[in-house]
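Colleague: Using the sequences plus the hints, can you model the full thing?
Protein chains in written order, with our numbering: chain Y, 1 to 340; chain P, 1 to 279; chain B, 1 to 317; chain V, 1 to 520.
Under the rule of at most 27 Å between Cα atoms (straight-line distance), these lysine-lysine pairs were calculated in the DSSO-like manner:
#1 P:K48 x V:K388
#2 Y:K52 x V:K126
#3 V:K179 x Y:K52
#4 V:K402 x Y:K52
#5 V:K292 x V:K344
#6 V:K94 x V:K78
#7 V:K337 x P:K48
#8 Y:K52 x V:K118
Derived from the structure by calculation, the hints contain no laboratory data. These numbers come from a predicted model, not from an experiment.
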Amino acid sequence: MELLRYILRRTVLSAFVVVGVTFLVFVVAQVVPSDPAALYAGPRPTAEQIEKARQELNLDAPLPARFATFATAMASGDFGISYKSRRLIAQDLRAYLPATLELAVFSTGLALLIGIPLGVVAAARQGRWPDRIGSFGSIAAVAMPTFFLAMILQLVFAQWLGVLPLSGRLSREISISAPLPMVTGFNMIDALLAGRLDAFGDAFAHLILPALTLASYPAGVAMRLTRSAMIEILERRHVVAARALGLSEPRILFGHALPNAMGPALTVIGLSFAYALTGAVLVEIIFAWPGLGRYVSEAILAKDFPVIAAVTMVVTICYVVMNLLIDIAQALVDPRVALS
Amino acid sequence: MKKLVQRLGWPGTIALAVVVLFAAAAILAPWIAPYPAQGAGAPNVAAKLQPPSAAYWLGTDHLGRDILSRILYATRVSLTNGVLIVAFSLLIGLPVGLAAGYFGGWIDEALMRGTDVFLAFPALLLAVLMAAALGPGFLNSIIAVAVTWWPWYARLARAEVLVLRGQPYVEAARLAGVSHPRIIVRHILPATGRPLTVQAALDVGPALLTAAALSFLGLGVLPPTADWGQMVDAGRKFFPARWWYSAMPGMTIFLVALAFSVLGDALRDRKGGAARASA
Amino acid sequence: MPLLDVRNLSVSIPTPDGDVHAVRSVSLQIERGEIHGVIGESGCGKTMTGMATLGLVPKGARIAADRFHFDGEDLGANAARLRGRRIGLISQDPAAALNPVLSIARQLDDVIRTHRDMPRQARRAEAASLLAATGLPDPERVLKSYPHQLSGGMQQRVVIAQALATGADFLIADEPTTALDVSVGAQVLALLRRLVTERGLTVLMITHDMDVIAEACDRATVLYAGRSVETGPVGAVLRSPGHPYTRALLSALPDAAPHGARLAAIDGSIPPPRSAITGCAFAPRCPQAMAVCSAAVPPERGRDTHRWLCHLPEDAA
Amino acid sequence: MNRRNFLKTTALAALAATSARWNFAMAEGAGSIFTLAYPTSFPDLDPATSFSNDGAVLANVYEGLARYIPATDTAEAKIEPLLATGWEVSADGKTWTFTLRDGVKFHDGSPLTSEAVKGSIERTRKIGGGASFIWGPVTAIETPEPLKVVFQLSEPQPLDLIASAGFAAWIYAPSVLDKDNTWFNAGNDGGTGPFRISRYEPGQRAVLDRVDGYWGKVPENGFKTVSFEITEDATLAQNMIESAQADWTYSLPYENLEALKSNPDLNVVVNPSFETLFGLYNVKRAPLDKVKVRQALSLAFPYDDVIAAGTSGFGTRAKGVVPAGIWGHDAEAPIPKTDLEAAKALLAEEGIEPGLELTMTYSTSQAIEAVAGELWKANLETLGITLKLQPMAWEAQWQLGKSDPQAAQDIFVMFWWPTFVTPYDYLFNLFHSEEKPNFNLGYYSNPAFDAKINEAARLSGTDRARAEALFIEAQRMVIEDAAAVFMLDQPNVHIIRSDIKGYTDNPAYGHVVFINELSR
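Modeller: The structure is reproduced here in structure tokens:
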């Protein structure tokens, strides 16, 4: 089965990339001047406390030995503890990763929902005002700095109109007095599992503004990619034939032409997901969204390397798995490849 | 002028005008800024956090400095930031892409796998990590972002070269015994140059935004020199009561990034331009 | 009253470098139940004439005609409404005419659902029966498969089934056999012939191949440089062509020339689409050209339904 | 109404329902919940090693033997009995006897005994993290009776002050002595305080619930639940307090305080804090090794402008390193005023030509430090000195400071707050000579100064007045030597909803709210 062989080859390749990234993180950790012992010893350690911390972390062991322990720990999924908070990193990841993934999925969905239809309409009305405004809108969406857009959306929708919450993942009434049992970490899913419709609506409302901010860049790209793909497809014989068969314009656009434009849509999913995983640092800070971005940016500023390594590892694995899935989806979307 | 409009279309021409305007502002900042001293950083505590007025067209910041002058001076930092990031990325990415595409075989495999590792590394994370490692500062923030951008250009260059290498005139030159470097420089480089420069123009906007994001995290230039991202961050805690502090630099970033994107677009599907080598 | 009645049709497409006169002056009358061939070299405007009938001309094209009626309705205004209801298309390359990412069942179902309000099961049965009607073995398997899994012939039959699904009674076949090899092409032509007789269809057969005209058509019209220069029953046009261009076309056929002799190529080339033409378009290449030919528009000549435009008298053949 | 319309209307209805309630106060049930919009997270909830803002949570869950109450304009500063009802010190100041309060229960139901006190302090010292060094002088802890604890010291030390420290002085149940750091950081506790930790979600919130059977007084309709909402972004915190989503917050921009003061729903409580801002001169590297050069730099510092621009006038001039409100504060300290001419003269005297470049390091997260740097840089420019401003994360700044003095920064700007209420904490950590620099990041070394503050520390247990006089003399030596530029004392600005009754600031425990004293 050609597809299976292809997946196998790509997995091996991805494993190589993940190892490469681990090595890169470890090298940067050595090169960057930092003193893990002082960080580990606590906010205001005395000289003796720092010395004790040095032993505990066996920082004086030779480099290859430390890389070996580092790599085996990573491989076995034991991310160790954060120098700064001495908390189990795996525990923190369990809380922060789902928050980031939830935002990534929601913003990617929004980007596709906004970008693709706009792209189709712009291609259908090429040259006329929907195309002009759509194209300009997509360039503006790509050019808009996320942190500035976040501030504007907060100001308009949360402070002035008050139709959407300003920040956080759940409103305080729910999170303090009647907290959601954490099953998947995805609030909306957990709310459904717990049969709590109020919490479901609340989690949904909290997702809208941050996801919209994160979706602006990928939506712009989705619109442009879909538009150029659709323009090329609408010239094709089978679209002319469909028109000759008397099919209605929307049915031709969305039913016949768009399925051929799934390629660009998939690349946008990849791009938007990647952007949400790492580009979300600013959005997470502004919307107080307890995700990986904020967690790792604090770790980077404090040079808390176990956390940096763990988050980079997790994000890279998400990256690599996602790219693999998208490549497979690219193949599946086009029957000519899938069934050959 | 008419020929320009004809070649780039109206949006492209306006975008080019905006870009040229900001480039001029960067060079002439000390002469056109209403308060040059404040632009460079001199505090003016008496006029702290004033709204836009006749004296201060765009209002003042938390040290009373005129925001218009600060933005003009910041143009030097932010604009060159964007351009240099793209330039550095091209500097690294182009040769790697050329070598990989031209020589192929294990060189191609090795270089491309290396690029994959950088591409797999989450971009902003690597940039923030490099910035933290190198410490804040103008050049450091450029290197930090360039480190994450060059792989895109390497891939683009490699794709172009693969297309060109198949061209008969390249094979003919090879058969005629022309040495590899000469072929690359005289045949491959010029033809790869055009699509890459177009892509570079398109990328100055996003590069500017990434640099602004870095300085928003406090990893940009050292005070008192200002850059747009830093100004938006500094004004954040006074938002929305003193909206102008963040709004003015924020709008500037948006305008410039928009101009570069529109210009890049116009250059890419230029009317009458040479047909693009690759799709 | 002819089903399709076209008199002096012209289609011109504006471009930055001036108008392209794809169709200059075409007249065409097709009776109900007839297979009418339209023949000419590529660039003579035969496909554009078909497209104009379907109302699928490129954006901005200008269509003008003294008379452009289909079954009494003016095609200028109603082409879109008639398209897919009364007028169907069978395009040249069946592989390109079918959507590569959708199954045959889905593509057929779309057409049936647009034209007839039937529940899902009934539509599925109808699709199968249409495929059977086009002579396809094992319609169920064909319905489940994708276009790239079918042979050229089978793909063309699916395209025909789609056209039938619309319930159209007038089919425009744009070089339906060119992309197919000869034997499969012959079967497709036989199928069209059978459908015409069984379902009372009418076909406008666009081709550049004289054999298709000879084998499949009842009447034929010859186009040159966007103009209809000769029309008439196939027998008359082939055996005693009136217009010098038709004669030249026929003498260029391999079996018409004695064994081993070089085919008589027509020297010169067709006039460029952007330039205007005075008099007879064929004058520059016509062996019997006279001074008047390039000056005045040739009058209509001919015997009862076999007409052509030429300054030479009728018996000059 | 076919299926699609039905879906559309229900979705719109749902959104309208949820949207109506975002912008007004929290639902009615909020009465018994006290919400703090807290600007930092809580790195370490282990009572033995906690040494940062986690103190704000632990102060409501654990209790020490005593509590320091700072002086007010009406009353003298005093140390209030808490888990200990009283204590005596022997004549030589080396033996302290504490009598414990009877009937106090830990959250796990076990009684408070001298064994529990001994166990807690010894576990804290054994782990040796956080502020455990404060128990350094203790050589032995004896438990003659269940409610009597005797401490033997190696030298006289103010054990009453140490026992009232904000860190490392918590008493916790014997049942938790064997638990490790991760157990505590998962949100478990073993305290005697009025609240217990019911949930800790890292990066989001810490939730406490009231414990029934608390030994102390509980105000009528006091709070049942406390939620520390981690809100690092000042804009969000301000919005939460204004929209009653939060009842208490701090570290909002000074520039916004005027607007907050005019809001009737809010009380802006301003008191002196024990936090002071200063810049340590690197006395080991030319030209800052010359006293006159350091004095010139201090004369060039724009004290009033920094207070105006940095704290909108809420800050106060620092009189040496010991801030107002603490014993040992020298109100009449001979501190320099901004005088550029005098500074120019001193520089000329020392032969300093224009073009000198100095590096000042400070923390990226402290806006006031950036303001001080930029204003000082402007003044120094007029003297031909270029001050290179270097904002860094605290970890990086501190690591550079501890490296070799020749390669380190010229001026190290930082805040300092006391581990427990004594001038010794400031003077020892920042100016006492150190072989390997730890917090003395100006590398100042003056044996006479060292002897004087050690002497004062020994007396602070038995003869506090004499100790205070010695501390003031020591501080004047530092001022004469111009070892640092003393910028300002940071004010404690806490914003609280006006419907909360019983709130008082206690600067001895930075940004801590004793929620048991409050009610709505």
